[in-house]
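Going line by line, the protein sequences match chains A and B. Residues in the first sequence are numbered consecutively from 1, following the working numbering. Residues in the second sequence are numbered consecutively from 1, following the working numbering.
Misleading hints may appear alongside valid ones.
Unchecked claim - What follows is a list of derived Cβ distance ranges for each label pair:
(1) N104(B) with E307(A): 40 to 46 Å
(2) K114(B) with N300(A): 24 to 30 Å
(3) R338(A) with K66(B): 18 to 24 Å
(4) T107(B) with K239(A): 44 to 50 Å
(5) K294(A) with E106(B): 32 to 38 Å
(6) G176(A) with A96(B): 45 to 51 Å
Hints in this document: simulated from the structure, not taken from any laboratory. Where a beta carbon is used, it is the ideal one built from N, C-alpha and C, also for glycine.
Here are the chains, one letter per residue:
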Amino acid sequence: MSAEDSTNYRRASRKSVQFTDEKLVVDADGSVTMVTTPNDDSKETAMSHTPRTPPLSAALGAFTDGSSAPATEPAAADGAPAAEVNPSADPDGLDLSLMKKKKKKVKKEEGDGDAAPAGDDGAIDLTMKKKKKKKVLKEDDEFSKKLEALNLEGGESAEAAAEEAPQEGDMDKGTGIWSHDETRTINYDLLLNRFFTLLAQKNPDHASAGQRSYKIPPPQCLREGNKKTIFANLPEICKRMKRAEEHVTAYLFAELGTSGSVDGSRRLVIKGRFQQKQIENVLRTYIIEYVTCKTCRSPNTELSKGENRLYFITCNSCGSRRSVQPIKTGFSAQVGKRKKMQA
Amino acid sequence: MSGPIEIQNLKSRDPFAEADEDSGQTTQTQEYIHIRIQQRNGRKTLTTVQGIPSKFDHKKILKVIKKEFACNGTIISDTESKGMGEVIQLQGDHRAKIREFLINPETGLGLDEKTIKVHGF
Chain A
1 MSAEDSTNYR RASRKSVQFT DEKLVVDADG SVTMVTTPND DSKETAMSHT
51 PRTPPLSAAL GAFTDGSSAP ATEPAAADGA PAAEVNPSAD PDGLDLSLMK
101 KKKKKVKKEE GDGDAAPAGD DGAIDLTMKK KKKKKVLKED DEFSKKLEAL
151 NLEGGESAEA AAEEAPQEGD MDKGTGIWSH DETRTINYDL LLNRFFTLLA
201 QKNPDHASAG QRSYKIPPPQ CLREGNKKTI FANLPEICKR MKRAEEHVTA
251 YLFAELGTSG SVDGSRRLVI KGRFQQKQIE NVLRTYIIEY VTCKTCRSPN
301 TELSKGENRL YFITCNSCGS RRSVQPIKTG FSAQVGKRKK MQA
Chain B
1 MSGPIEIQNL KSRDPFAEAD EDSGQTTQTQ EYIHIRIQQR NGRKTLTTVQ
51 GIPSKFDHKK ILKVIKKEFA CNGTIISDTE SKGMGEVIQL QGDHRAKIRE
101 FLINPETGLG LDEKTIKVHG F
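Please build the complete structure, drawing on both the sequences and the hints.
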């Protein structure tokens with residue numbers, strides 16, 4: 001338990017199937033979140049950003065529109081008029097970006113950079129247009145940029161002020177190697193790095209395929225009398241997890257080593273004193289065990305009874321199927337008065 | 001060329017025998033050790049440890065644990081625990097400590113970490 005919680009999940013080990021790497025985080029509001037990406041701080045959960053963020057194709061389209069808009073005007077002899085087109089195209093690309101300010105700056109710089117050679121060189125124009133049509137991934141954007149840099153180096157050697165400095169710079173601010181008038185070729189690793197960074201910023205959904213955070217409403221715990229705890233929003237949580245209430249209840253009772261009942265308004269009454277945090281912990285283990293897909297970590301799974309009394313989890317996003325252990329209560333010591341138990 | 005390879009093959013163990021041995025081992029390791037917690041009255045709790053391999057002397061383990069954790073405890077025999085084997089029951093919440101004890105190869109039992117399941121909140 002503690003090992004799971006303490007291990008911080010890094011994107012580098014994204015491909016590993018080891019589930020224990022995943023980090024579960026309880027937000028300030030108490031919601032249980034499975035955070036696996038350390039780099040997108042701006043987004044809170046998958047749920048919160050999904051409605052806001054358009055799909056990747058649209059976002060990329062907007063992005064490429066922003067940078068290629070000036071490029072599609074080859075008639076413009078110099079870069080200045082072309083660059084003016086940019087601001088109008090900018091908002092499209094921006095309302096979906098989560099780091100607005102910084103991205104804007106980069107975008108503009110890129111636009112300027114694209115615009116200047118667009119007037120000079122026809123060959124680049126073609127690549128730009130092609131890119132717009134296909135709405136290719138941003139990597140191509142980088143590629144064309146690289147190509148453009150190469151062309152510039154070949155055509156106008158005056159501009160190619162060869163500096164043999166190490167390739168570094170802040171890609172958000174567009175400094176160092178990323179500055180728009182930089183003509184050095186950027187090596188593949190850096191480009192790839194940048195691609196994933198941008199993707200993570202703009203479309204965390206796609207950057208973190210299967211490692212998005214999973215949010216469930218925090219369990220509401222009330223105390224009934226002195227010895228009982230009421231778990232008020234169990235139906236809500238079960239609905240969210242797409243699991244039968246009975247299953248979750250059975251797991252809770254087995255883990256907490258108690259018993260309980262469901263009251264009139266479908267709230268769960270648990271014997272014993274439990275705090276919200278403790279219930280959260282148990283729910284977390286439940287999610288790890290019975291909700292998330294071990295292959296792709298997606299919580300979009302279904303629990304079904306297989307042919308021979310075995311329970312199977314079928315993942316809706318990757319299609320994998322695995323069996324899960326049935327809930328076992330195990331040994332439970334007899335607590336309380338012996339006379340009562342006999343009676 | 002093919003000669004030495006064949007000899008190497010012959011040297012290797014019978015795959016089926018190995019599989020049997022393996023599966024025997026896995027069934028042994030699949031037997032989890034469950035560490036549970038139970039609430040008693042007030043803020044008192046019980047820790048139960050179920051499934052410690054029978055190759056260990058439970059009585060001796062309990063004796064050591066009781067001294068080390070400064071708590072009382074009992075062994076609940078098969079008849080009482082209804083087919084769950086001998087269960088060590090300790091007074092108080094000793095889940096983390098007992099886990100450490102079971103894993104530790106020097107001062108404890110040196111069991112595999114993966115076979116231990118800690119339940120409860």
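> Which of the numbered hints are not met once you compare them with the structure shown?
Replying inline: none
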